[in-house]
Amino acid sequence: MTDLTRLTAVETAVAIRDREVSATEVTQAHLDRIAAVDGQVHAFLHVDPEGALDTARRVDAGELSGPLAGVPLGLKDVVVQKGVPTTVGSKILEGWRPPYDATVVKRLREAGVVILGKTNMDEFAMGSSTEHSAYGPTHNPWDLSRIPGGSGGGSAAAVAAYEAPLAIGTDTGGSIRQPAAVTGTVGVKPTYGGVSRYGLVAFSSSLDQAGPCARTVMDAALLHEAIAGYDPADSTSIPSPVPPVVEAARQADVSGLTIGVVRELSGEGYQAGVQQRFEEAVETLTELGAKVVEVSCPHFVYAMPAYYLIAPSEASSNLARFDSVRYGLRVGDDGERSLEEVMSLTRAQGFGAEVKRRIILGTYALSSGYYDAYYGQAQKVRTLITRDFTAAFQQADVLVSPTTPTVAFPLGERLDDPLAMYLADLATIPSNLYGGPAMSLPAGLSEGLPVGLQIMAPTMRDDLLYRVGAAFEAARPAPVPPLSWEA
Amino acid sequence: MTTTTSKTTPTVPYDEALREFEPVIGLETHVELGTASKMFCGCATEFGAEPNTQVCPVCLGLPGALPVVNAKAIESTIRIGLALHCDIAPWGRFARKNYFYPDMPKNFQTSQYDEPLCVDGYLDVQVDGETVRIPIERVHLEEDTGKSLHVGGSTGRIHGATHSLVDYNRAGIPLVEIVTRPVTGTGAHPAEVAKAYVTELRDILRGLDVSDVRMEQGSLRCDVNVSLNRPGDDWGTRSETKNVNSLRSVERAVRSEVERQAGILRTGGRIVQETRHFHEDTGMSTSGRSKEEATDYRYFPEPDLVPLAPDADWIAELKAALPEAPSLRRRRLVEQLGLSELDSQAMTNAGVLDLVLATVDAGAPAAEARNWWLGHLAQQANTRGLEPAELPISPAQVARVVELVSAGSLTAGLARQVVDGVLAGEGEPDEVVEARGLAVVSDEGALAAAVDDAIAAQPDAADKIRAGKVQAVGALVGSVMKATRGQADASVVRRLLLERLGVTED
Amino acid sequence: MSQITREEVAHLARLSRLALDDAELDGLAAQLEVILEAVAKIGEVTDAADVTPMTHAVPLENVMRPDVVRASLPREDVLAGAPAAEDDRFRVPRILDEES
Ligand SMILES: [Mg+2]
Ligand SMILES: [Zn+2]
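Protein chains in written order, with my numbering: chain A, 1 to 487; chain B, 1001 to 1506; chain C, 2001 to 2100.
Hints are computed from structural coordinates only; laboratory data are not their basis. Please note: incorrect hints may appear among the correct ones.
[What the hints assert, rightly or not] Computed spacing ranges between beta-carbons, pair by pair:
| # | chain 1 | residue 1 | chain 2 | residue 2 | range |
| --- | --- | --- | --- | --- | --- |
| 1 | A | G256 | B | A1036 | 52 to 62 Å |
| 2 | B | P1392 | C | T2005 | 51 to 61 Å |
| 3 | A | P241 | C | H2011 | 45 to 55 Å |
| 4 | C | T2005 | A | A475 | 52 to 62 Å |
From the three backbone atoms N, C-alpha and C, an ideal C-beta is built for every residue, glycine too.
Just chain A, same shape as in the assembly (with noise of 0.2 Å):
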């Protein structure tokens, strides 16, 4: 039998259904490679084998069906799920056990795929390396001297070091896009509005979104269609049907498109190594049959400022519940203390270094008399990217760009300069303040690092991530990590 590790979702779902192999074996052999090898990678803060088992036992008496039914999926940990802990990577949920399942899990429990366990993130999706989990970074499995991309370098690492053929990220600026990009995987960064929000520990509500990682377009778009879709509980879900996904993968068509490259990302700050493998992508896409032309979104330059106003200003006030007061780490109770002293040590021990930054500055954008200038105009900038966008979508069906400016950077690098760690997220930020799907996908490596190809589209229209994405892989299989760490 070969390594079930190595299957990708459809192979092993197929292998399941077929009865050659159970899901139960499967399930075991991805906790086996997790007990072999995250020791080193990381990639996960909670294993849960009896759920696992449990999932994968009824997959196997018949109880669960579909077409991802037994397949192994890491869950980042910032996602709800009931009983298991949720620490959102903070030490201020420390031992939390949800008493309620998010939406996206309901439909991954549903949908019979077996939730291995909880992946690392940055604290409260709050960085670009995984560093800033309170329990200690991920390794990229390219380079374990590296980081795997923030915020959801726990998922993108368990895809890439073969502990999962799936993982949930979520996706606030970049957060299962860059880490895609910077450990060869597969991420998809949905439209807004498209996956169910409820059950996600908010960041900043009006940007984060949960998407699928993998190491196929075609596994993306399994696991895309298994978790999306309209859900009541969540206000800001779009009415209307997923867009058809799966069969744009299998399309893999770019014959007839226009892609767009955006002239504002790429050039300074971006690496030559990375450069050149974009424009190779691009010259592969033209190779395809696509019609490539150039496209300018002369706001996108403000993008990154009007991110880090807006999301930390919603942070600031997404994360004033963690108070000591109904769940979670209380500090300082003595008796003598009073509410607003536990509170303010509890916050300030509970929460890392780049959570408060956050808070602080998402303080600061709010406050009365400095609302306008920040605040409110970063919302302004956010409407002129989006026009920016919908001008763009003009002359072309997909735009694209590199999904980082660099490859993976080695692990402690950036963690004293924010700024520096801010611009990981240069080209992913766009996508988020505008609300359309993005994809990133690999497209060949530099000095022996994977480089990621980014592909936008419009709102609502996450098939064309797929059909462009599926005949770029179909004609630039993905890099395999060499691994040599192991052994």
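Using the hints, position chains B and C with the ligands against chain A.
The following block gives chains B and C with the ligands in isolation, referenced to the frame of chain A:
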């Protein structure tokens, strides 16, 4: 607690203060809507449930939970706005009001800030036969907070407590806030105007059937703003008194604040802009947080909720279906019943006009209804320190008692006992009659013995009657009534006594 | 952009209930300064003046649910995560000031 000059400066009597200063008042009224479920989740809203049994991930502010707007709450808010002659905003958003407080699960309140649902209305109230127009600035929708129990202090108050216990059942109940513009020109009776406003507002809300408006249960709560200025001067610095939870307290809160501020101003003092807490027991307020270091609420549009854009046709429908305004209904009924201006004025002042009209609606003759509410019930309200409307008896129950009397099943005295039984929470009038055994004894056989006993016990009176002094029968009737614990029909007793004594009346 | 002082950061920390020590306050003041300088360039966007701020990425309006009661959580689940509970309620240290 901060100290203010109020403790040392003598107050100025109300009337005197208002001869010297002009008052400006403002009222913020919070109304818990009577929806079945909460504002943003499906939890029940029932009052008095076991602590923390009506909570879910949403209203407990659990990580990841998201709100969804209750359509009925929007409808009720719009209806309130329409009843108060407001414009309904064609588009608006909820906002987050950020501040930390343990009653508030998310540490922000989802409210409306610069885009309230209803704006620019008014409410006319009658005070001393004059109409005062109260301008309404806004009516907006928000969510209520949980409730804390303060433990370890002597009074159950926050001050001096060792710790607090929080119950989130109330958190997330839809709360409508009705804010007046500053009300000027109330002259010598700002306190009466304030009370009349809240009373009228309560009647409107009750008529709309959007809330049970029970001040004692907190479903209607008032914050009262007061400032004073000398004629010709700019408005003074205002104080905001919170916790005003009965109609009588609304009046007392304004009154005591006028007296307190006048005392300070008269001695050249300065009014501090502050929040004051009203204490029902003393009828006084004490200083709370000083507003000089204003809290920065960092409002911003709630990203978890999408904008509201009420459809114009729907608003028109709601408007057409509004019930008759209490003031109009009152005027119409007063005319129909032929009540004199003076009479209806007296009833208005006593706070019973609506009750009388509702009792008439329930079938009682106007005169009987009037007598009950201005008489025995007004007395009962007074002894209990309540407004007549706050008595635990409904107009329908009063009408039933009247019906029992006119059917001869109760005497006037028994009727009062029945009413007292209802007030004591013994149930419906018929249940009280049954339980207390208060039906009139009209069985003549049963009364005969009591009649004989009375005659035997008072031979002198009996002789006088036999001698033709019929008016002396009163004493004997009295003792028979006493012996039968009031359950006999006095006219039957009288007839039996006279028959027994061989006297015939012409 | 104005200089961010330690006092300003201390005020923000109070508003956001973070008990930060002096070193943290100084550090944050310096970092905030740098970050605000970097984001200040959105002030240059002159064509934003007449633009409507974008608060939502979805063009939805009037999303509402019917007024229907749904099951609440079992109380043991409600209190299971509480740092302290007493008499079926969440127990918190003494509260300094009333605010509402
Ligand atoms: Mg309010
Ligand atoms: Zn609830």
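Now the hints, each set against the structure:
1. At about 54 Å, the beta-carbon gap between G256/A and A1036/B stays in the expected band of 52 to 62 Å.
2. P1392/B and T2005/C have their C-beta atoms about 59 Å apart, which keeps the hinted 51 to 61 Å range intact.
3. Between P241/A and H2011/C the C-beta distance comes to about 49 Å, which sits within the given range of 45 to 55 Å.
4. In this structure the hint that T2005/C and A475/A lie 52 to 62 Å apart at CB holds, the actual value being about 57 Å.
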